[in-house]
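*Asks:* Put chains R, U and F on the given structure of chain W with help from the hints.
For reference, the chains in residue letters:
Protein chains: 4
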Amino acid sequence: MGNNGAGVAERDAQRVYSALDGFRIEVPSWGFANTGTRFGKFIQGGAATTIEEKFSDAAQVNALTGASPTVALHVLWDLPHGRADVPAIQALEKKYGMKSGSINPNLFQSAEYKYGSIANPSAEVRGMALKHLLDSVAIGQALGSKDVSLWIADGSNYPGTQSIRKRIGWMEEVLGATHAALGEGQRMLVEYKPFEPAFYHTDIADWGMALELVRRCGPKAKVLVDTGHHAQATNIEQIVTWLLHVKELGGFHFNDRKYADDDLTLGSIDPYQVFRIFHEILSAEEKERADVAFMIDQSHNLKGKVEAMVQTVAMAQELYAKAALIDQAKLAELQQECRLVEAEECFRSSFWQDVRPIVREWRVARGLPAEPLKALAESGYVEKITRERESRNARSVSTYA
Amino acid sequence: MGNNGAGVAERDAQRVYSALDGFRIEVPSWGFANTGTRFGKFIQGGAATTIEEKFSDAAQVNALTGASPTVALHVLWDLPHGRADVPAIQALEKKYGMKSGSINPNLFQSAEYKYGSIANPSAEVRGMALKHLLDSVAIGQALGSKDVSLWIADGSNYPGTQSIRKRIGWMEEVLGATHAALGEGQRMLVEYKPFEPAFYHTDIADWGMALELVRRCGPKAKVLVDTGHHAQATNIEQIVTWLLHVKELGGFHFNDRKYADDDLTLGSIDPYQVFRIFHEILSAEEKERADVAFMIDQSHNLKGKVEAMVQTVAMAQELYAKAALIDQAKLAELQQECRLVEAEECFRSSFWQDVRPIVREWRVARGLPAEPLKALAESGYVEKITRERESRNARSVSTYA
Amino acid sequence: MGNNGAGVAERDAQRVYSALDGFRIEVPSWGFANTGTRFGKFIQGGAATTIEEKFSDAAQVNALTGASPTVALHVLWDLPHGRADVPAIQALEKKYGMKSGSINPNLFQSAEYKYGSIANPSAEVRGMALKHLLDSVAIGQALGSKDVSLWIADGSNYPGTQSIRKRIGWMEEVLGATHAALGEGQRMLVEYKPFEPAFYHTDIADWGMALELVRRCGPKAKVLVDTGHHAQATNIEQIVTWLLHVKELGGFHFNDRKYADDDLTLGSIDPYQVFRIFHEILSAEEKERADVAFMIDQSHNLKGKVEAMVQTVAMAQELYAKAALIDQAKLAELQQECRLVEAEECFRSSFWQDVRPIVREWRVARGLPAEPLKALAESGYVEKITRERESRNARSVSTYA
Amino acid sequence: MGNNGAGVAERDAQRVYSALDGFRIEVPSWGFANTGTRFGKFIQGGAATTIEEKFSDAAQVNALTGASPTVALHVLWDLPHGRADVPAIQALEKKYGMKSGSINPNLFQSAEYKYGSIANPSAEVRGMALKHLLDSVAIGQALGSKDVSLWIADGSNYPGTQSIRKRIGWMEEVLGATHAALGEGQRMLVEYKPFEPAFYHTDIADWGMALELVRRCGPKAKVLVDTGHHAQATNIEQIVTWLLHVKELGGFHFNDRKYADDDLTLGSIDPYQVFRIFHEILSAEEKERADVAFMIDQSHNLKGKVEAMVQTVAMAQELYAKAALIDQAKLAELQQECRLVEAEECFRSSFWQDVRPIVREWRVARGLPAEPLKALAESGYVEKITRERESRNARSVSTYA
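Order-wise, the sequence lines are chains W, R, U and F.
According to UniProt numbering, the stretch in the first sequence is residues 1 to 401, in order.
According to UniProt numbering, the stretch in the second sequence is residues 1 to 401, in order.
According to UniProt numbering, the stretch in the third sequence is residues 1 to 401, in order.
According to UniProt numbering, the stretch in the fourth sequence is residues 1 to 401, in order.
Isolated chain W, as found in the complex (with noise of 0.2 Å):
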């Protein structure tokens, strides 16, 4: 069980280093900006309130990690004039030498999507939706990005008040003709989540859901986990390997929580559950998983944006890392035999074991520090944007007020 010998350590060493090699992990530009619960956001003196901020600190989060080469845009935030902003966006992709990741549509925020986006009884709504959803897809294009990741915020507050049936429907026409909008290369992201904003019914409220919808727009549509969307006590794990077996996972939208969709840092509530995602996907084939797009979903309201970004992909690595090391060979045998307490420990030792040695040396193997959230703190990044955007920033704003 433990890492004595020399072989062990060397053959330890290989699985991190091949893992971490492999390891992406997209931020997202928003996760720099300010935010905050319905109840206010405390803002940050540094927090990024321009596009060009929130790339200089997506570039900071990679430079630190090496694990985060890409940023994910938000339409509505970061390209307000649609697809004129494209040239703006890949001017700064060159200076802060980062790529732009996924393209995130906003169909929840305009007083138009208030009884729903394309599920809206109306079917002007309903066509305004699709035409947003068909300019995210251009701006795809145009920025040469992957994917175009669907958060579908419809739903209802009250019994018998939408009919849940016809929305169904509508849903299915205006996604399909999305997906019949994608060029080559492209796919769309179909996210689910059991609650809010939506209080009483949300249209795409879990994976089974989502899968139908993306089953019957067709192949280049997939459904994206969010680690935090779903009922307390589910096993994530299992949705993982069913979505893998069906071969319809198309990524994750990284983050963790005690009780709802707290946003909070992967990892700081219950790491264990992380690692066993991660062994889910480690366990299926290079094939099977390498269309599989890691993203984080966070929203840093009490700790700092760019220690927070750094501290999550830091830890995303080591948990990868720690998976990487499960002997998948011997547990499979000891599956098969039903040998439940061997298996366990064969398991978990992975978890137990400690990586931030291997890790660091990782690090330094790549010409990145050894410490990511030490050598930021020695940067002095954090002070300097402070400095330069603190004026713009307004103090603390309430949803009730």
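It is possible that part of the hints are untrue.
Partial chain R-side listing against chain F, Cβ under 8 Å, derived [as the list claims (entries may be wrong)]:
no. : residue
1   : F23
2   : T37
3   : F108
4   : G176
5   : A180
6   : A181
7   : F195
8   : P197
9   : K258
10  : A260
11  : L264
Distance windows between CB atoms, simulated [unchecked claim]:
no. : chain 1 : residue 1 : chain 2 : residue 2 : range
12  : F       : V246      : R       : R289      : 42 to 48 Å
13  : W       : H81       : F       : K330      : 56 to 62 Å
14  : W       : A9        : F       : K330      : 28 to 34 Å
15  : W       : A111      : U       : A123      : 40 to 46 Å
Only part of the chain U face toward chain W is listed, based on derived beta-carbon distances under 10 Å [said to hold, decoys possible]:
no. : residue
16  : F108
17  : P197
18  : L264
19  : F294
Hints are computed from structural coordinates only; laboratory data are not their basis.
Cβ atoms here follow ideal geometry from the backbone N, Cα and C, with glycine treated the same way.
*Replies:* Leaving out everything else, chains R, U and F in the frame of chain W:
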């Protein structure tokens, strides 16, 4: 909002009569037997211990409610000799004027199923499970029963101890072979459940997994919804709507719960939810809902067995009658126009309407007792069976001791 | 079980009249203002933005229902200048024939409260919080308002980042000092909530913690139950019963929810639960329940503000009337004899009774409109305020943007 | 963050040695017996069926781990003749070098307790329950055992069927009388649980209710926390902190769960939570935690009985060692300054540290096997008891059949 006018009253009566004339809900043989929790059983003197007693009790429920002419059979407990027991069952059908309903295999009780039945790593155990399933299909055919209801209790208790992925494949094989054996007019219903008796992962944990499996099996396989088998806060009526939409809803196991799979009597904890489920079913086209089987699956640990079953069927009738009263045309209009408060009031106005007087009239018109529970009390049936059966019913037994 | 006889009808009417004559439920000023989720607000043209508009709307609700003569005030939003605003409030009380209800301090919105208010590690911030609490007490005294309602949003988002233990001590100090400032006839009500806006630990997370704190404060401190502030499946009526038993129940914030603190309209998701809560209150001795304050705390994101409030008060009246119909003597007897099914039928028979006709009669007898929602629609009030206020109401704002 | 220097390693070793030298966790006699779910038991050939076998198994666990010198006794199952069985138990204590631990009355299994034990409406049944409690106290005195552990399974399954309020009063009487009988040095620990076997209301449902009851009983009554007895998402370590703060924490029943009271092995689902609980205990002053009893309460349905218990104790030791490594002084400073990310990293750095090498050294230094599970496998103990006991262990039994 009221039902003042004679025209309204007439219309309401018509709706309720029509709904109740078509309403059937199957009672389970095991609902009359002693059951309990893992901490013990509180034995009831009048509990049924033979299949004849179960038929007798079910017939009594049907005589009082007019809605439960079929009784679900449990292969292991009711037909311990398999097909050889079919003639005896047929004699009981004749004697008690009841029909055999769904056939329920048992894949959880034998020691061989400790690590699973159809998802067990052992090909031998899977073969044993398949054999039992095929026997159940044959029993169903012999009895002219339409549905074989599969509840697969398989799963694991600890992360890492089993390969979730491989077990999917094994299930597909066994279920596929079972489907292949179904005769003309036969169906297999696949149930899902998030946990218990497995505590880490259950192989068929939610409707999405059940749906994938029945799709792969073929057209005679459908999903079975047990209302107690969902994570907290799950919107069950939405799942029902989706299953209707994709034409894969096979039927229900009705019961209620506050926490887990508590198997309480229908509507005892959240009657408004049952009303909403019935509404989704009644909103579907007639041919869509024609094949949806309604079954009761409850565990009456404390309530009197026959009394609880009569209460359940009567409650089901009343909630179904309420749902039938909804003004669908008006509701659709209000929903389309997003007049939320009006739509909600239109919807729940039928829930608030006291249907007991109309249901009472319907009962009398159909030659049934006006008040089933009162009629049961006056019949002396429970006292009679208690006298007859008491000596065979032993005292409390704990799974712990 | 029916209400056939004239005697029964007479008795029922008496019970309902007596219950409704004594039923008061306070409306919150913020229930008429624009609110939303963290993803944005859908601005309503008729939403109130001034304290006068809130008084006007509250008075309208009271005029239609006869049950809400007081309006809860939020210090930060309604009395931005603290005690200096008291005369203006008093003028509005007079003008609109309403009284100020509970006084609600705000300890969550200012940037200083990022890491907590009364549980903040900084003595300076705790001092600031205490000052606001003392101001609130003084406002309450000046207005002749009985209750200061404390919702403490304090907590932390990540394990290890705060000392849960030390924060208990800090809260005890500040709450004790607040209690010491309460005048004759004043009370402080302490609310609890499991999560949001804090996502790992909330300093006052459940009724047990709130009870410990009010006990330590002294006799003028009581526990406030918000029906939306419990973990899934919590038996709320049992908590209510315990608080009545130990004489520490101060009052309620009523609302409904399916998932988290959804702040939906009362009884919209689980009306049977509200009935059960009312039953426990009505089962207590009159002097025990005399001081239990009923307040509404909801967030009408989609429903019309005034419409939703009228609907809520009307629903509360009807569910309270149902609970008042329970035959307490008979129920007690059946419970004592453990005649379960009979007790349950006795209990819920009152829930099934359609009380709307009696409540309508009571309304007319008390000079109120027979149907409050219909009367609101016919009054043209909402159209009028929408015309007047629309220009001041801006469009949707997201906490994310 | 690392443990590079020799000084650090020395300090860590000291902390772990000191922690483990003081760490004791009691094993339950029933943990070695056959148990199951309501769907059946999977009988184990080596399961203990006599009290001597249980003592033997417990002694084996203690021999391998050095941490479990006491065994919890269940009055009904282990001392069926009450005090008359004390001499036999004392002989076993001597023979196996073990001491009797907590005494566990059984108030849930007898038919008389169908509607409750100490909260039963029948004074006669309550008297019977009190008698059993007094017998248990006497047994504890005779055995020199400190704690009588009360798990009260009382509750009701359906709203309206019992008076929640009256049952509180009845519990107060019986528990008060039990407290009065406690001898010098004896304590009674009162456990709480939200549901199962009762499904609507459980009379002692949460820590707040347990706390009220022990307060009313007197100074020898304390609260017992079973880690599996909470609603989903409850912050258990916060409850532990509050109970420490008010000096009413009596002890723990340790286990793990994903859904309900799954009684899985400690740390198997959420090891980080156990670490956090241990941290709160280790943060308390020594005299506060001196009297906190650690006990295991698990149900090993699938895992080998002795194997699972050894695994549990070893896991508890390792997680306790991790918690002991936390740099409390530094953590307190970071928490005070609200340096969130740094505080979190300081905190969980100890969780990530691989303590297995130090724990292994400690074991050897204390004359224990370096790897308890391996030592168990090599000892042949399980094979031996299986041979000896197998014939007495029957096959699977379902509570349903």
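*Asks:* Indicate, hint by hint, whether the structure satisfies it.
*Replies:* The hints, checked one at a time:
A least Cβ separation of about 23 Å between F23 (chain R) and chain F goes past the 8 Å threshold, and the interface hint is therefore violated. Given the 8 Å rule on beta carbons, the hint for T37 (chain R) holds: about 4 Å separates it from the nearest Cβ of chain F. Restraint check, F108 (chain R) versus chain F: the minimum CB separation of about 5 Å is within 8 Å; hint holds. This hint is violated: G176 (chain R) has a C-beta 26 Å from the nearest C-beta of chain F, more than the 8 Å allowed.
About 28 Å separates the beta-carbon of A180 (chain R) from the nearest beta-carbon of chain F, more than 8 Å, and the hint is not met. At its closest, the beta carbon of A181 (chain R) sits 26 Å from a beta carbon of chain F; the interface hint therefore is violated under the 8 Å criterion. Taking 8 Å as the C-beta cut-off, the interface hint given for F195 (chain R) holds, the closest approach to chain F being about 4 Å. With a least beta-carbon distance of about 4 Å to chain F, the hint placing P197 (chain R) at the interface is held under the 8 Å criterion.
Because the beta carbon of K258 (chain R) sits about 6 Å from the nearest beta carbon in chain F, less than 8 Å, this interface hint is met. The interface hint given for A260 (chain R) is met, as the beta carbon of that residue sits about 5 Å from the closest beta carbon of chain F, less than 8 Å. A hinted interface residue such as L264 (chain R) counts as satisfied when its beta carbon comes closer than 8 Å to some beta carbon of chain F; here the least separation is about 6 Å, so the hint holds. A beta carbon spacing of about 56 Å between V246 (chain F) and R289 (chain R) contradicts the range 42 to 48 Å that was offered as a hint.
At about 49 Å, the CB distance of H81 (chain W) to K330 (chain F) disagrees with the hint of 56 to 62 Å. Checked against the hint of 28 to 34 Å, the pair A9 (chain W) and K330 (chain F) passes, with Cβ atoms roughly 30 Å apart. Between A111 (chain W) and A123 (chain U) the beta carbons are some 44 Å apart, a value that agrees with the proposed interval 40 to 46 Å. Contact between F108 (chain U) and chain W, as hinted, is supported at the beta carbon level, the nearest pair being about 5 Å apart and thus within 10 Å.
Given hint, P197 (chain U) at the interface with chain W, holds; its Cβ is 4 Å from that chain's nearest Cβ, closer than 10 Å. With a least beta-carbon distance of about 6 Å to chain W, the hint placing L264 (chain U) at the interface is held under the 10 Å criterion. At a threshold of 10 Å, the smallest CB-CB gap from F294 (chain U) to chain W is about 22 Å, leaving the interface hint violated.
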